[in-house]
Amino acid sequence: MTPTLVFYIIIGFIVISFVIDQILDALNVKHFDDPIPQELADVYDEESYRKSQDYKKVNAKFSTRTSSFMLVVTLAFFFADGFAFVDNLARSVSSNEIIVGLIFFGIIMIGSDILTTPFSYYKTFVIEERFGFNKSTPALFFMDKLKGWLMTIIVGGGLLALVIWFYQLSGSSFWLYAWIVFAVFAVVMNMFYAKLIVPLFNKQQPLEEGSLRVKIEQYAATVGFKLNNIFVIDGSKRSTKANAYFSGFGSEKRITLYDTLINDLEEEEIVAVLAHEVGHYQKNHIIINLVTSILLTGFTLWLLGSFISMPIFSEALGVTQPSFHIGLIAFGVLYTPISGITGFLMSLLSRKFEYQADNYAKDTYAGEPLIRSLKKLSRNSLSNLTPHPLYVKLHYSHPTLLQRYRNLKGLK
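No gaps in the numbering here: position 20 of the sequence shown is 20 in full-length UniProt numbering, and each next residue is one more.
Keep in mind that the hints were calculated from the coordinates and are not lab data. Where hints are given, some of them may not hold.
Claimed, not checked - Each pair of labels, with its calculated beta carbon distance range: (1) Pro138 - Glu47: 26 to 32 angstroms; (2) Gly156 - Ser339: 16 to 22 angstroms; (3) Leu176 - Ser94: 24 to 30 angstroms.
Small disclaimer: the values here were computed from a predicted structure and weren't measured. Glycine is no exception: its CB is placed at the ideal position from the N, C-alpha and C atoms.
Build the full structure now, drawing on both the sequences and the hints.
Shown next as structure tokens:
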């Protein structure tokens, strides 16, 4: 196999991935105007339904234009030997492979962010603003960007430097040491994400005393679930969309409710949503997802270790001096088919877990308030009620509203 052939295989993977995504998006768009199932007829009135249709179509068109632009830029960068240029630029600063790798990815990420930030800004302050979702400000938007960059530099840069160092010490066996580090990092982040990361972007405070807290504690007592950490997060400072999530395990487990969720739902409905989140914990979904993610990371790193030393990858990208960072770029593209398969399997597992959590909420609390909450949340976020089945299978981490409704009603 020649470097030229590897180069065109990489280009082929990029183009094929784009085409597949566009086909799936087109199939999904064709279902936008499908009649709403009878079971969900009360989700939208006529005006809000028209609004949801407009929202879906505007986002679909924006997504197509954005991804098409990025495809053109990516292909131009590959054909212009952009990676060789950046590699030479990084090597003009230092001969240390760790520093070269950090500078290389730093330049790539800065360039990518410069290209994508205008699209992200437009999405937030034009599209989301037009449909009444955006509550952010330009100052907050760019402050989030800055914080994200600092986290990437400190955490991402530190991990990358460590991995390259492992590679220098042990060659293709680096993956084992890297896997241990990533596994520990995943466990720490899973346990302490809410304490370490969330406060950088949002304010959290314990759910205040009152009837809602009493109802939540009463429910927790009935299922024998010790829950001391119930927090409310100020999601409304960025968007009107609502959410709730479970994080951590053991003594660090906590449930976080968006303030928008508390504003949008009745107390009984909020308890039903919380029961769903408790179901994830009681069914060990948190641990299973963590273990699965660690195993998948190990497999990916092992595969990377088997190919990273091959000079053909660097040569395919026009770089004469083989290096870890260039091999990582080539591997990342060539791994696309495998990541597609693993992503599909993880989505399949995620949807199964969502059904189980819904059933847990129904069995330990009630199904009707959960149904009402799901309908309200779908209406308030202008959700697509008629997605294409194939799009759902490949992209959705949750079952559709109709599927969850029928499951909670005991229907096939």
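Tested hints:
Remark: the range hint 26 to 32 angstroms for Pro138 to Glu47 is upheld by a beta-carbon distance near 30 angstroms. In this structure, Gly156 and Ser339 meet the distance hint of 16 to 22 angstroms, their C-beta atoms being roughly 19 angstroms apart. Leu176 and Ser94 have their C-beta atoms about 27 angstroms apart, which keeps the hinted 24 to 30 angstroms range intact.
Every hint, counting from the list given before, is met by this structure.
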